[in-house]
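Just need the whole structure built from these sequences, with the hints factored in.
Protein chains: 2
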Amino acid sequence: MPARSAQPKLDQTLVALADPTRRAILQRLSRGEARVTELARPFPVSLNSISKHIRMLERAQLVKRRRAGREHILSFNPKPLDDAAAWIETHRALWAKRLDMLDALLREEDRIAEAAHTRSALEGEHHD
Amino acid sequence: MPARSAQPKLDQTLVALADPTRRAILQRLSRGEARVTELARPFPVSLNSISKHIRMLERAQLVKRRRAGREHILSFNPKPLDDAAAWIETHRALWAKRLDMLDALLREEDRIAEAAHTRSALEGEHHD
Numbered sequence: 001m002p003a004r005s006a007q008p009k010l011d012q013t014l015v016a017l018a019d020p021t022r023r024a025i026l027q028r029l030s031r032g033e034a035r036v037t038e039l040a041r042p043f044p045v046s047l048n049s050i051s052k053h054i055r056m057l058e059r060a061q062l063v064k065r066r067r068a069g070r071e072h073i074l075s076f077n078p079k080p081l082d083d084a085a086a087w088i089e090t091h092r093a094l095w096a097k098r099l100d101m102l103d104a105l106l107r108e109e110d111r112i113a114e115a116a117h118t119r120s121a122l123e124g125e126h127h128d
Numbered sequence: 129m130p131a132r133s134a135q136p137k138l139d140q141t142l143v144a145l146a147d148p149t150r151r152a153i154l155q156r157l158s159r160g161e162a163r164v165t166e167l168a169r170p171f172p173v174s175l176n177s178i179s180k181h182i183r184m185l186e187r188a189q190l191v192k193r194r195r196a197g198r199e200h201i202l203s204f205n206p207k208p209l210d211d212a213a214a215w216i217e218t219h220r221a222l223w224a225k226r227l228d229m230l231d232a233l234l235r236e237e238d239r240i241a242e243a244a245h246t247r248s249a250l251e252g253e254h255h256d
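If you read the protein sequences in the order shown, they are chains F and C.
FYI, the numbering for the first sequence is 1 to 128, going by the numbering used here.
FYI, the numbering for the second sequence is 129 to 256, going by the numbering used here.
Everything labelled a hint here was simulated from the structure, so no lab data went into it.
Every beta carbon over 12 Å from chain F, so not counted as near; a handful from chain C, in silico: (1) 179; (2) 183; (3) 242; (4) 245.
So the derived list for chain C, only partly shown, Cβ under 10 Å to chain F, looks like this: (5) 148; (6) 205; (7) 220.
Every residue gets a Cβ at the ideal spot worked out from N, C-alpha and C, and that includes glycine.
Structure, rendered in structure tokens:
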């Protein structure tokens with residue numbers, strides 16, 4: 001029975017990842033920490049817009065913030081990606097397993113059909 | 129330079145996955161195809177609500193629909209998961225590589241500090 005309340009965090013991780021600007025921010029931070037202003041510079045959107053994206057990433061715990069004097073330093077936290085990766089890999093694997101089973105089933109059918117064909121051919125020889 | 133227009137499909141995949149009911153639908157379908165009514169049965173929500181979730185999964189191409197007479201048969205299409213898995217794995221890997229580099233750097237610093245310590249100890253012996 002599927003539970004609607006399961007994994008609110010995974011929802012948050014996936015929604016946070018579902019935006020190209022937020023993915024680009026994470027991509028930058030996955031190469032090393034950065035100040036907010038430094039992070040915002042290459043983006044063709046307002047600092048305010050970038051700040052909103054950063055807050056969403058912080059709520060999803062994909063980004064951590066620490067203060068160094070007056071500076072806010074942001075870093076990447078890959079931990080929430082574990083659940084997302086696990087979900088995706090499990091379902092790709094389930095599907096692959098199902099395809100393997102179908103494949104085995106078809107091979108088995110082929111084998112039976114071939115055996116029946118060989119037997120009827122042999123029986124044909126005997127009766128001729 | 130991060131591009132805002134990149135990968136609209138990945139956005140769609142991630143948003144489609146960011147809901148426990150839609151994930152439960154995919155989980156069911158990853159074990160084999162199902163009719164809409166059969167799929168909806170275990171969920172404590174209306175058939176209309178499930179239909180909306182299914183349409184969203186179809187738009188994200190995670191679910192395929194075919195007709196068999198009057199029945200609609202749904203199946204799982206894991207293909208869009210490839211991009212999502214690739215994005216996640218790349219960024220986990222980038223981060224892991226960065227941690228390895230930091231680790232190597234710290235070891236190198238330790239090695240230098242130790243060598244300096246050994247040298248000063250040896251020099252100490254000579255001068256005593």
